[in-house]
Amino acid sequence: MHLSSDELILWQHGFFKLNATIVTTWALMLVLVVGARLITRKLASDVHISRWQSLLEIIVVTIRKQIEEVGLSHSEKYLGFLGTLFLFIALSNLCTIFPGFEPPTGSLSTTAALALCVFVAVPMFGIAESGLSAYLRSYTKPTFIMLPFNIISELSRTLALAIRLFGNMMSGTMILGILLTITPFIFPIVMSMLGLLTGMVQAYIFTILATVYIAAATRARQEAED
Amino acid sequence: MLIDWFTVVAQAINFLILVWLLKRFLYQPILNALDAREQRIAAELADADAKKAEAQTEREEFKRKNDEFDGQRTELFNQVTIDAATERQRLFDAARKDADSLRTKQQDTLRSEYQNLNEEIARRTRAEVFAIARQALTDLAGSSLEERMVEVFVQRLHELDVEEKKKWALESSSATVLVRSAFDLSTAQRTTIEGAVKAMLTAETQVKFEMVADLVSGIELLMQGKKIAWSISDYLVSLEKGAGELLKEKAKPEAKTEPKPETKSR
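Chains as they are written, first to last, in numbering that gives the first Met the number 0: chain A, 0 to 225; chain B, 0 to 265.
Hints were generated in silico from the structure; no laboratory data involved.
We put the CB at the ideal spot given by N, CA and C, even for glycine.
A portion of the hints provided could be inaccurate.
Said to hold, decoys possible - Capping the alpha-carbon separation at 25 Å, the derived lysine-lysine pairs in PhoX-like fashion look like this: (1) B/Lys64 / B/Lys164; (2) B/Lys197 / B/Lys225; (3) B/Lys225 / A/Lys64; (4) B/Lys226 / B/Lys240; (5) B/Lys22 / A/Lys76; (6) B/Lys197 / B/Lys166; (7) B/Lys22 / A/Lys41; (8) B/Lys51 / B/Lys62; (9) B/Lys64 / B/Lys51.
Claimed, not checked - Computed list of chain B residues with no C-beta within reach of chain A, every gap over 12 Å: (10) Val7; (11) Leu15; (12) Asp34; (13) Glu57; (14) Asn77; (15) Asn117; (16) Glu150; (17) Ala202; (18) Lys240.
Make the full structure from the sequences, and use the hints.
This is how it looks when you write it as structure tokens:
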């Protein structure tokens, strides 16, 4: 038994290695991209649309609405990043329904990579929105004394993002594995269902937190506008 | 070690690639489709609004025209009603005029017929009366009556005044005197009359006798347009003339009494 799918190495050549995390990620990417491509290939701007198009529109519009509700006015700019974050984590967690599937989000490397992406994206969006100086000044607010605390907060929340998702997903998978050995019937199914719910909630939490961080970083400009 | 840094980097790169791919194949097409639909719906709504406004304008225009048409129709109807009433009145007047004219003509005709009939009746009555009278007198005429007639005629010749006799005498020098009688005069009577004529005129006067049935029990003397006569026919002619004049006078007031005009019908 292994804690992370990173440990399951399929191919290695020196520093480069192909572990289960990367392979499952590629598989999920393939599903997402091919699925999206297949549906969006025949998009209709008419009133009558296909069910799949309707599903995608609901997903996209809901994500955009959530982003706007958090406080980001130009949701289209953040839709690519935050939407992909949600879709990737949600699909990854949803696929735990398949027996033997180890979600990439159960690997700390993946969650760390996603958290790092958020860690980089937040200042990037902040700087793009309000400029470098305004963004940097936001670390000294409300007073200059808060600068170290703000920097610590920035790092710790990134760490928290990575650990929270990893912990939840890894624990879910681990519990399911342990339960299968103890009570192989019925109970693992209940736990699997609970795992699905937890997975969706985690995807939502991760995305919403990332949105909140970006919103906080871009608030300098909004405050200036107000 | 839970974190494999190669995997971290690989996953970060994978994620960024996924972001790009999904942006290209998912978000952008879906957002474009949504925008297109929104624009289309907005355009359709705008079009619908424009059509609604146009329909409203057309409706108002139609209503205005309809009202105008109603007004014109009412006006025309009123005009036509007035015209019809005028025409009706005109036709009615013309018909009444024609009827009056016809009635007048009819009345005239009737009056004329009535008058003619009256005259005819009067004439016939008169003729009949006189025919009866003539017949009666003719039937009654006998020798004594004829003698008496001759006597009376002769007496009348004698009773002519002097002036009259002179006039007759002047004109009778070369003329023939015609004595007409309703009956055949006897020789004695002819002699008596001839003697009386010659005594009144001259002895050379030629006397001619002629019998005329029309003279009802009478004798007359004719000479160059002048006449001395006595006959019942004269009396009868005089009476007939008098009766005719009386009837004419009677017919005039009756003709004046015209029938009452008919009541004006609707």
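Comparing the hints with the structure gives:
1. B/Lys64 / B/Lys164: The given pair, whose Cα atoms are some 111 Å apart, is violated under the 25 Å limit.
2. B/Lys197 / B/Lys225: holds, 16 Å
3. B/Lys225 / A/Lys64: violated, 153 Å
4. B/Lys226 / B/Lys240: holds, 19 Å
5. B/Lys22 / A/Lys76: Answer holds: B/Lys22 to A/Lys76 is near 10 Å, not above 25 Å.
6. B/Lys197 / B/Lys166: holds, 14 Å
7. B/Lys22 / A/Lys41: Since the Cα atoms of B/Lys22 and A/Lys41 sit roughly 17 Å apart, the hinted pair holds (cutoff 25 Å).
8. B/Lys51 / B/Lys62: Given pair B/Lys51, B/Lys62 holds - Cα atoms ~16 Å apart, limit 25 Å.
9. B/Lys64 / B/Lys51: holds, 19 Å
10. Val7: Violated, because the least Cβ-Cβ distance between B/Val7 and chain A comes to about 5 Å, which does not exceed 12 Å.
11. Leu15: violated, 7 Å
12. Asp34: Incorrect as stated: the minimum Cβ-Cβ distance to chain A is 9 Å, not above 12 Å.
13. Glu57: About 27 Å separates B/Glu57 from the closest Cβ of chain A, which puts it past 12 Å; holds.
14. Asn77: Since the minimum Cβ distance to chain A is about 55 Å, B/Asn77 lies beyond 12 Å and the statement holds.
15. Asn117: Fine: 107 Å to the nearest Cβ keeps B/Asn117 off the interface.
16. Glu150: holds, 148 Å
17. Ala202: holds, 156 Å
18. Lys240: holds, 122 Å
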